[in-house]
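Protein chains in written order, with the working numbering: chain V, -1 to 272; chain Z, -1 to 272; chain S, -1 to 272; chain E, -1 to 272; chain W, -1 to 272; chain L, -1 to 272.
Treat each hint with caution, since some may be false.
Given that identical chains are not distinguished, each listed pair holds provided it fits within a single copy or across any two copies.
As a list, the in silico DSSO-like pairs of lysine-lysine whose alpha-carbon atoms are at most 27 Å apart [as the list claims (entries may be wrong)]:
{"hint": "1", "residue 1": "LYS24", "residue 2": "LYS100"}
{"hint": "2", "residue 1": "LYS246", "residue 2": "LYS154"}
{"hint": "3", "residue 1": "LYS189", "residue 2": "LYS230"}
{"hint": "4", "residue 1": "LYS17", "residue 2": "LYS246"}
{"hint": "5", "residue 1": "LYS154", "residue 2": "LYS204"}
{"hint": "6", "residue 1": "LYS35", "residue 2": "LYS77"}
{"hint": "7", "residue 1": "LYS28", "residue 2": "LYS94"}
{"hint": "8", "residue 1": "LYS35", "residue 2": "LYS24"}
{"hint": "9", "residue 1": "LYS270", "residue 2": "LYS154"}
{"hint": "10", "residue 1": "LYS189", "residue 2": "LYS35"}
{"hint": "11", "residue 1": "LYS100", "residue 2": "LYS154"}
{"hint": "12", "residue 1": "LYS28", "residue 2": "LYS17"}
{"hint": "13", "residue 1": "LYS246", "residue 2": "LYS24"}
Derived from the structure by calculation, the hints contain no laboratory data.
Below, each chain spelled out in residue letters.
There are 6 protein chains.
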Amino acid sequence: MWDDIADAAANCAEGSYVKVQGQVSKYQGKFQITLTKMRLAAANEVDPADYLPATRFDVEEMWAELRGYVSAFANADLKRLVFGFLDDEQIAAAYKTAPAAKMLHHAWLGGLLEHVLTLVRVCRATAPFYPEVDAELLVTGAILHDIGKIRELSWKNSFSYTLEGQMIGHISIAQGMLLEKVRELEPFPTKLRVLVEHMILSHHGKYEFGSPKLPMTPEAVLLNVLDDLEAKMQAMRNEFARSEANGKGPGEMTEWVRSLERPVLDSQAYLKDE
Amino acid sequence: MWDDIADAAANCAEGSYVKVQGQVSKYQGKFQITLTKMRLAAANEVDPADYLPATRFDVEEMWAELRGYVSAFANADLKRLVFGFLDDEQIAAAYKTAPAAKMLHHAWLGGLLEHVLTLVRVCRATAPFYPEVDAELLVTGAILHDIGKIRELSWKNSFSYTLEGQMIGHISIAQGMLLEKVRELEPFPTKLRVLVEHMILSHHGKYEFGSPKLPMTPEAVLLNVLDDLEAKMQAMRNEFARSEANGKGPGEMTEWVRSLERPVLDSQAYLKDE
Amino acid sequence: MWDDIADAAANCAEGSYVKVQGQVSKYQGKFQITLTKMRLAAANEVDPADYLPATRFDVEEMWAELRGYVSAFANADLKRLVFGFLDDEQIAAAYKTAPAAKMLHHAWLGGLLEHVLTLVRVCRATAPFYPEVDAELLVTGAILHDIGKIRELSWKNSFSYTLEGQMIGHISIAQGMLLEKVRELEPFPTKLRVLVEHMILSHHGKYEFGSPKLPMTPEAVLLNVLDDLEAKMQAMRNEFARSEANGKGPGEMTEWVRSLERPVLDSQAYLKDE
Amino acid sequence: MWDDIADAAANCAEGSYVKVQGQVSKYQGKFQITLTKMRLAAANEVDPADYLPATRFDVEEMWAELRGYVSAFANADLKRLVFGFLDDEQIAAAYKTAPAAKMLHHAWLGGLLEHVLTLVRVCRATAPFYPEVDAELLVTGAILHDIGKIRELSWKNSFSYTLEGQMIGHISIAQGMLLEKVRELEPFPTKLRVLVEHMILSHHGKYEFGSPKLPMTPEAVLLNVLDDLEAKMQAMRNEFARSEANGKGPGEMTEWVRSLERPVLDSQAYLKDE
Amino acid sequence: MWDDIADAAANCAEGSYVKVQGQVSKYQGKFQITLTKMRLAAANEVDPADYLPATRFDVEEMWAELRGYVSAFANADLKRLVFGFLDDEQIAAAYKTAPAAKMLHHAWLGGLLEHVLTLVRVCRATAPFYPEVDAELLVTGAILHDIGKIRELSWKNSFSYTLEGQMIGHISIAQGMLLEKVRELEPFPTKLRVLVEHMILSHHGKYEFGSPKLPMTPEAVLLNVLDDLEAKMQAMRNEFARSEANGKGPGEMTEWVRSLERPVLDSQAYLKDE
Amino acid sequence: MWDDIADAAANCAEGSYVKVQGQVSKYQGKFQITLTKMRLAAANEVDPADYLPATRFDVEEMWAELRGYVSAFANADLKRLVFGFLDDEQIAAAYKTAPAAKMLHHAWLGGLLEHVLTLVRVCRATAPFYPEVDAELLVTGAILHDIGKIRELSWKNSFSYTLEGQMIGHISIAQGMLLEKVRELEPFPTKLRVLVEHMILSHHGKYEFGSPKLPMTPEAVLLNVLDDLEAKMQAMRNEFARSEANGKGPGEMTEWVRSLERPVLDSQAYLKDE
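When you get a sec, could you build the whole thing from the sequences and use the hints?
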């Protein structure tokens, strides 16, 4: 690396895009690049979406499926409420691109929508076994529980937290968004508002995970359990892929996974492994 | 209470059945019984099942439904394994009457079967959303995870723990039963045995709940989450009933529920309450 | 107790007021009352305030002192914000009578105002030693942090939680009240809103105490510490009084205090005790 | 390092043995080796035991001492049971070479036997002070408690966990081995089986350490306490040696020891240090 | 109970001794006493030792055995130190009668000495297996670790805590006693003082049990483990006796033991039970 | 680095001072020094104070202010006690230079005095709001609570723990110093001694922070809360400075702060930031 490149490097910060020129060579069996030129890329030279991981599903298809479930709601107030969000262009645009996290599960563009859609499907499949559960109320909670993430996270050039995200958090941001939307829809039944608000506040399931309230209704309990399940299953899926990428065989345990506090095993790969 | 009754009472212990004779009167607005005769009931005078709470579902129907799911298994080894238990007359007889707990959720005759059947249904409904999950392996885990309870609990005249139950626990009892059954079925694939054994050992999900291993496969994670969900939903159901029995109105929170460390609210009753 | 009294008693519930007639006598060295008549009291026969504990300070004097501090604010936005609450007649009426808790510290009418006023005084005395702290921002936090209690608690005939209080909690209720008030005052500086919102959300200081965020600014840290101090000092004061009422000598430790997880000692009484 | 060496290196994996040729030189005060040739070693060129740390005691002497204690048992059933394991050639061969851990205390060939023998000696010395303790039952527990480690660990070229070890764990593996051995010895007294099984299951002493049961008999309590003591004393011994090897003086505290969450001090070296 | 007796009762407090006269009769199968006279007993009418539980061992024999171990010390400084305490008449008198606790293990007159003596015996039996341990230093720690209890507890008419006991605690009281004794014995080796002081401060083994330091020397670790063992074994012994007194059979588990957070089983009684 | 420099380096240890000669050059945009000579510095060539961070306040002024507060004490015994420490030349010399910690808050020469002085000021400002608090007793606690740090820490060439500091800790060291000083001042009121001793022992506020007693008097509670506050505010101050030094903008959150388990925000810089 020559001094002028060092100078160029000094102008970079986390999230900068650069143009480089150099030569590829092989050293001790590994490829390496020797840079000869480097400069900051102009804004019109890059599309950040090319550099950030993105969902492998079709966003508009997912969006349509989600809206379809709401359209079929029998409860007019819940339908009004959810569409109050989904029909809001600014919210919809963010909802369709936001990641679901900075680093853990679903940390990619469209990850929030992908996470919510799977969650909604599982909620719909599970609710019928529990007569105490109002399936539409549950699906409402599933669609709105993480909506604060569109203001908690920033996904311009890289995934990071906004200052409001760190100081307020997506749970309380979502609660504020709900109260505002409810005001726009007045008159709106207080009881429904309280039940939806409670699902948002309690969806992390434990105080130590940042929920100011524990789930106290059948819908809040189910939402918390299935949301947690979704996150765990996606985390395992990520680990299986990473383990394979690191050269582990299909029948081997992964390395220790910090977020799960354990290693995991891809049971189907293990069964198929000879 | 006269002295001869006191003498009779001295012969009673927890779980004794007695015959009494007396007079009903009203005192300060409440009914009371004044006993005039009392003696221990002979064994042929009572059917304990009359005095212990029992499932409100038809045991044989539940049993048939459960067997039906196993009959449809594509995996011959898992089918052999589960029927190895269900076809064992002694195990089947106990499985059909055992409660699922001494005091908490499903603490009634047939409670174990009722709990397992609901769990199996939810497992079957949920598995398709997770391609990492082998549904038959999961259902096998759901059917066998609590089978140690038929030796951990005693439900003769009252619900209690056996000494082996307290010293070994249903998780390790079930593990022993599995190993024994696997030996009878040899040759049996080691990998399948390890995966089923792991589901049994890890189904409580946390060390502090008595699981010696954390769930490390997709099936084990899902089984733990859905088993825990089943217990929580049943606990809420019980609390709603108790709260109503205690005279609370439909729109009121229940009292503090110790097992859940919170009060709960029957959201549907609350919504309907005027 | 005669049957007709039993009937009358059957009409009572927690929080009912009754008129009784009876005779006082002495039995085994203790006074007792034998009731001869009892009926529910009419609403115009009782003033609940006669039966609920109340602050020993003058409410209007406290209120005036509190307003005086705000009047002196140099920051016009914070002044607008706080008076937005204090000038709201409905809020003011509730703020002046609400207790600060159902059972623990300051559980009496006017307790919320009394608690807040002492806290404000200590905040004002402490802030000058910490140049990182904006005293007016801190006092704003002190005045608003518990304002959600006016909807979390009910103090009509007895002190209890409202359903919204249990399901949402005073922290999130206060956050909602803040956002609504800020909207009425628009344009209002976003940064100030975020800092005040953060103080409200974090004032319990720990996730396990129901705060969805930990204190992350100097003002939020100081508010949490001094609020906690106020509660502890008031709890000790209550215990010293209770201990004396129970016949303990001035130099003795109190009994174990559950909320503090320790017994306490009135050091000044202990030093004066001969 | 030249490219052909890089190629050779690419064929290596963790636990591979290689033959190398090179030149020793001195650079900046430290010795270094410049490799000129490198290839994988053939299996018959290496004896893994030369490369793995091993106990400094004579394995056969330790084995004989252990058997001697069992030979002296008055309880014929316990004697049958323990010899059922020690006389099993496959088990004996593994028991004599297995390490007691992958990384912590006694992580060397023969470490399991060394750990167990010391534990048995301390058990025998301690039991007489506690009349509630059956010394032979205790020694049985000491000999069998960790026997699952011969399947939980692998010590071929390096120390690692087997897949079964990670998924089932040595506690449950040992329980399975016990039940199998008991079946071979039938009739065997159920009560003795339950008590030994309980010692195995509870020997980690706490749920969070992976024991599915807490110690509930005098022997189980004593075994857990002395097993834990053994591990702690060996850990301190290791740290004293490492600290000295790192150039610390005899009177100095060691660095922070992660497994013990504290630094430690070799008190005797400290006292002798001038 | 007549009024004059009520008056007499009003003069009693916890720990008072009374003289009563009355008639024994039988009511509903149980004996009861009807009091006719009652008065406070004069000091010379009662010997408190008749009413407090006491050790079943001979105090002077225990004392002599303990002194014998110290007499044999090779380390003159430790010998001087321990006899500095044991030869102090005031300390010796208290040491021989003090209980070891208010309510838990060894809560009887002479309990402290009994506890210490057993602990010393086990220390002496165990130390030889750990070459890192200085047996005399360990025994010194065993004799002095709980000496602060002679000022922490009061055992005049009943067992209770002194105010100094609650405010300072036996660990810090003992530390103060050690420093004072060391000053009387100056010159005394600083290193020995630090090691003994450390054993006293760390003997509870964990911060949450009130030790301001964790055990960091081999002697401190061993003392903590064996002290804890002694307490657990004595607690089990107490529970076995209580369980038998409550009519449980020899082969039954005891009730839940709060201090141990589990029920326990007298394994020897269980084995002998037919 | 040449070999002779490597030899010189071999003679260095943590805290050594060296004289070096070399050439400054620029490489890849960063300055670097190429050493040509290096030797250990002689003791008279260096003043360690030049190399250790030091308070930015005037030590003698701080000392005079502190003494001034004590001079004004009305309680003659507390005045005697505190001056017993402050007039002790050896203690005073250490008190004026000691850091308050090895690495965390106030880790600089004079840091202990600076920390104590701020704490005393806040104590004096806060005490008047709590009539249960004896302000002079509180200030006595504030001045003496950390005095054990002059023996727990060493600040010769670098900041480190003494062996006594690690084995006994500043809390117990301070308690020993108090008891010794009290003996010199006999007769001294026992009650005052117990109250001061209690403040020292309990000032960390929780068992897990190394306090063997929880605060049980109003002064002990207040001292613990304000001491903790002082540490937190100083920690935030340090983080704001570090964050700015690392190039973060004034309106940005700091990085995650390990000791506080959160990032923090300089609210005033954030408000001023455009």
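Homo-oligomer pair classification [LYS77, LYS35; C-alpha up to 27 Å]: For LYS35 and LYS77, neither the intra-copy (56 Å) nor the inter-copy (56 Å) Cα distance is at most 27 Å.
Status of LYS154 relative to LYS270 across identical chains (alpha carbons, at most 27 Å): between (41 Å within a copy, 25 Å between copies)
Between the shortest in-copy and the shortest cross-copy C-alpha distance, which are at most 27 Å for LYS154 and LYS204: within, between, both, or neither? neither (31 Å within a copy, 32 Å between copies)
Within a copy, between copies, both or neither: which one fits LYS35 and LYS24 at a CA-CA cutoff of 27 Å? Both: 19 Å inside a chain and 20 Å across chains, each within 27 Å.
Is it within, between, both, or neither for LYS246 and LYS24, if the alpha carbons may be no more than 27 Å apart? within (25 Å within a copy, 38 Å between copies)
How would you classify LYS189 and LYS35 at a CA-CA limit of 27 Å: within, between, both, or neither? neither (64 Å within a copy, 42 Å between copies)
Please work out whether the CA atoms of LYS246 and LYS154 approach to 27 Å or closer within one copy, between two copies, in both situations, or in neither? This pair counts as between: shortest inter-copy Cα distance 19 Å, intra-copy 34 Å.
Is the C-alpha distance from LYS28 to LYS94 at most 27 Å within one copy, between copies, in both cases, or in neither? Neither. Shortest intra-copy (40 Å) and inter-copy (44 Å) distances fail the 27 Å Cα cut-off.
Is the C-alpha distance from LYS24 to LYS100 at most 27 Å within one copy, between copies, in both cases, or in neither? neither (35 Å within a copy, 38 Å between copies)
Checking LYS17 and LYS246: alpha-carbon separation at most 27 Å within a copy, between copies, both or neither? Between. Shortest inter-copy distance 25 Å satisfies the 27 Å Cα cut-off; intra-copy 35 Å does not.
Taking 27 Å as the upper bound on the Cα-Cα distance, should LYS100 and LYS154 be classified as within, between, both, or neither? For LYS100 and LYS154, only the intra-copy Cα distance (12 Å) is at most 27 Å; the inter-copy one is 41 Å.
When no copy is specified for LYS28 and LYS17, does a C-alpha distance of 27 Å or less occur within a copy, between copies, both, or neither? Answer is both: 23 Å inside a copy and 23 Å across each meet the 27 Å cutoff.
Hints 1, 5, 6, 7, 10 from the list above are not met by this structure, while the remaining hints are.
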